[in-house]
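Visitor: First to last, the protein sequences are chains R and V. So for the first sequence, our numbering puts the first residue at 1; every next one is plus one. So for the second sequence, our numbering puts the first residue at 1; every next one is plus one.
None of these hints come from the bench; they were simulated from the model. Remember, predicted model here, so these are calculated numbers, not experimental data. You can trust all of the hints, since none of them are fake.
With a Cα cut of at most 30 Å, we get these calculated BS3-like pairs of lysine-lysine: (1) K395/V <-> K183/V; (2) K25/V <-> K52/V; (3) K258/V <-> K80/V; (4) K258/V <-> K169/V; (5) K258/V <-> K8/R; (6) K303/V <-> K34/R; (7) K86/V <-> K22/R; (8) K34/R <-> K348/V; (9) K52/V <-> K169/V; (10) K303/V <-> K22/R; (11) K348/V <-> K2/V; (12) K41/R <-> K196/V; (13) K34/R <-> K321/V; (14) K191/V <-> K391/V; (15) K7/V <-> K86/V; (16) K8/R <-> K34/V; (17) K52/V <-> K183/V; (18) K395/V <-> K196/V; (19) K8/R <-> K303/V; (20) K151/V <-> K86/V; (21) K34/V <-> K22/R; (22) K22/R <-> K80/V; (23) K321/V <-> K41/R; (24) K196/V <-> K34/R; (25) K80/V <-> K34/V; (26) K41/R <-> K303/V; (27) K22/R <-> K348/V; (28) K25/V <-> K80/V; (29) K303/V <-> K321/V; (30) K348/V <-> K41/R; (31) K348/V <-> K8/R; (32) K321/V <-> K191/V.
Here are the simulated distance ranges between beta carbons: (33) P55/R <-> E223/V: 29 to 35 Å; (34) N347/V <-> A78/R: 35 to 41 Å; (35) D82/R <-> N347/V: 43 to 49 Å.
Ideal Cβ positions, reconstructed from N, Cα and C, are used throughout, including at glycine.
So you can see what is in the structure, the chains are spelled out below.
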Amino acid sequence: MERDMLRKLELLNQLRLTEEQKDDILAFFADREKEMETLEKFDTSATERMVHVMPITTVVREDVVSQPFAREDLQRGAPETDEGYWCVPRVVE
Amino acid sequence: MKLFATKIDTTSERTMVVDDMILTKDTPTTAGSKMLDGYVSLFEAEALTRLKNAGYALCGKANVGEFAIDLLGETSQNGKIVSGGKLINASAEIVSSGEATIAITLDVNGSVRRAAAQSGLVSIKPTYGTVSRYGTIPVACSGETVSVMAKSADTCREVLGAIAGHDDKDGTSLSEELCARVKQNESAPRKVALLKSMTVGVDGEVAEKLNAFIALLTDNGVEVCEIDDEVIATSRIAWNILMSAELCNNVSRYDGVKYGYRAQNFSNIDELYTNSRTEAFGELLKTAIIFGSETLSTENYMKVYDKALRMRRVIVEAFAKIFESFDAVLLPACSTLAYTEETVSANKYLAFEENLYTAPASVSGLPAVVAGGVQLIGKAFSDSALLELAKLLEKEGK
Numbered sequence: 001m002e003r004d005m006l007r008k009l010e011l012l013n014q015l016r017l018t019e020e021q022k023d024d025i026l027a028f029f030a031d032r033e034k035e036m037e038t039l040e041k042f043d044t045s046a047t048e049r050m051v052h053v054m055p056i057t058t059v060v061r062e063d064v065v066s067q068p069f070a071r072e073d074l075q076r077g078a079p080e081t082d083e084g085y086w087c088v089p090r091v092v093e
Numbered sequence: 001m002k003l004f005a006t007k008i009d010t011t012s013e014r015t016m017v018v019d020d021m022i023l024t025k026d027t028p029t030t031a032g033s034k035m036l037d038g039y040v041s042l043f044e045a046e047a048l049t050r051l052k053n054a055g056y057a058l059c060g061k062a063n064v065g066e067f068a069i070d071l072l073g074e075t076s077q078n079g080k081i082v083s084g085g086k087l088i089n090a091s092a093e094i095v096s097s098g099e100a101t102i103a104i105t106l107d108v109n110g111s112v113r114r115a116a117a118q119s120g121l122v123s124i125k126p127t128y129g130t131v132s133r134y135g136t137i138p139v140a141c142s143g144e145t146v147s148v149m150a151k152s153a154d155t156c157r158e159v160l161g162a163i164a165g166h167d168d169k170d171g172t173s174l175s176e177e178l179c180a181r182v183k184q185n186e187s188a189p190r191k192v193a194l195l196k197s198m199t200v201g202v203d204g205e206v207a208e209k210l211n212a213f214i215a216l217l218t219d220n221g222v223e224v225c226e227i228d229d230e231v232i233a234t235s236r237i238a239w240n241i242l243m244s245a246e247l248c249n250n251v252s253r254y255d256g257v258k259y260g261y262r263a264q265n266f267s268n269i270d271e272l273y274t275n276s277r278t279e280a281f282g283e284l285l286k287t288a289i290i291f292g293s294e295t296l297s298t299e300n301y302m303k304v305y306d307k308a309l310r311m312r313r314v315i316v317e318a319f320a321k322i323f324e325s326f327d328a329v330l331l332p333a334c335s336t337l338a339y340t341e342e343t344v345s346a347n348k349y350l351a352f353e354e355n356l357y358t359a360p361a362s363v364s365g366l367p368a369v370v371a372g373g374v375q376l377i378g379k380a381f382s383d384s385a386l387l388e389l390a391k392l393l394e395k396e397g398k
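Throw the hints in and build the complete structure from the sequences for me.
Guide: The following block contains the structure:
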C-alpha cells in the first residue's frame, strides 16, 4: 500500500485522515499484507466461494404495501429539511 | 462510569438490556457512534419484540463500541469504561451487577464473547440465521448474530427459545424447521477437541480456566483430545477481510443527509459528506472502512476478497471434518481476561488480533457458547447441546 493509493481510498470513502492516522493505517496494511502470505499457502483455485454460510435462497415477498411510514416520521431525524424535502447544498452550478 | 446509553425505569423482575446496536422505538440507537447520536428508529428489532412477548421488560440500552467492532466497547462515543484498571463491557457489567437479567447484543467481532469470558457470564452466539437480525444495525451481515448473555446456561437457553425462529423480515432467516432445531433438548457433547494452537498465546489466567474446564469435562466422562488445525487459525485473517469489506459498504449510507450527524461547516455537497464522516467516525472505524474498500478494489478483489470467500469454505469444511470425530471444539474466547488501558493504547488495532479466538465461529456461522471463561463451538444447530456442557460448570459451582 502506497501513500497515493491511501489518498485515493480516502477520497473514495469520503474521509479525511490526519498524517498520523495515515501512518497508522499504512502500518496496519503492512501487517495485513503479511497475513495474506498465510492464506496464499492454501490452494483455493478449485474451491468455490462461500458467500452464505447457511442454505439461504433469495427471498421474494409479495409486492404489497406494508408499514407505510409517514414522511414527517421518516424525516424526524434529518439534519435539515424544508417542506418535506431533505436539504443539501446546491449541486448544480 | 456510563454503562447505560439510555436507562428505562421498570418494576419487572425479568429485565433485559439491549446494546446500542439493537433498534428500539422511542429511545435512541447510536451504534456507539457520533454519526448516529440521538437517532431514534421508527421500528424495533424482532428479537426485542419476541422477548417483550415472552415477558421481559426493557430496562435500558447498553453502551457499545463504535459499530461493535472493537475489543469490549472502548471506542464508544461515550468513552471507555474502566474499573480497577481493567476495561469492562457495559452489557456484561449490567448483567453481572443484577441491573438486568439478560443482555441482548449484536456479536460482530466477538466483543460479546470476550465480555462474557471476562465477567464469568454465559453467552450464546446462536447458529447463523436462527435468530432474526431484523432491526439491528448492519455491519458485517454475513457473520454477525444477535446473541444472549446471562448468568446461567438455563436462562440463555430460555431466551434462545423465545427469540429463535423464522422471520420473513430477515432475508437471511432460516426456515422454521431449521430454527426449531436450536431449541430441541440435546444431550451434552461426549467428545471435545481442544484447538491446541489457540492455547499458545494466552495468559496464565486463561490457561487456568481452560485447564479447569478440561478437568471438569474429564471428571464428567467427556473425552478431551488436543488437535492442531492450521486452517481454523486462518479464520481471523479471512474474517478481518470479510468484516471490513461488508462494513465499508454498510456504513457508506451515513453521509449527513437523511439522518445522523451533519458537519456544521461545508461549502458544497462533497464537503458535506466528507466533513460529516470525518468528524463523526472514530479512528478504528475509519481504518476498517479504508481496509474494506481496499480489499474490494479492482486491484485486490480477486487476490484478497475473493480469496477470503474461498477460505471461508475451506474453514467450514475443516470444521465439518473435525465434527466427524468430535461433538464440540474447545478454545479460549480471548488471550486475557484483563485488558488494560495501556494494552489498548499500545495497540489500537488489538481487536483485529484478539478475534483470533472469536473469528472461527463468526466466519463459519457456527454456534458458540462462552462459559467459565472459555469458549465452545459446535456444529450447526447444536446450540442446546453446547449449553448443556456449560451447565456442568454451574453444577460444580465453578
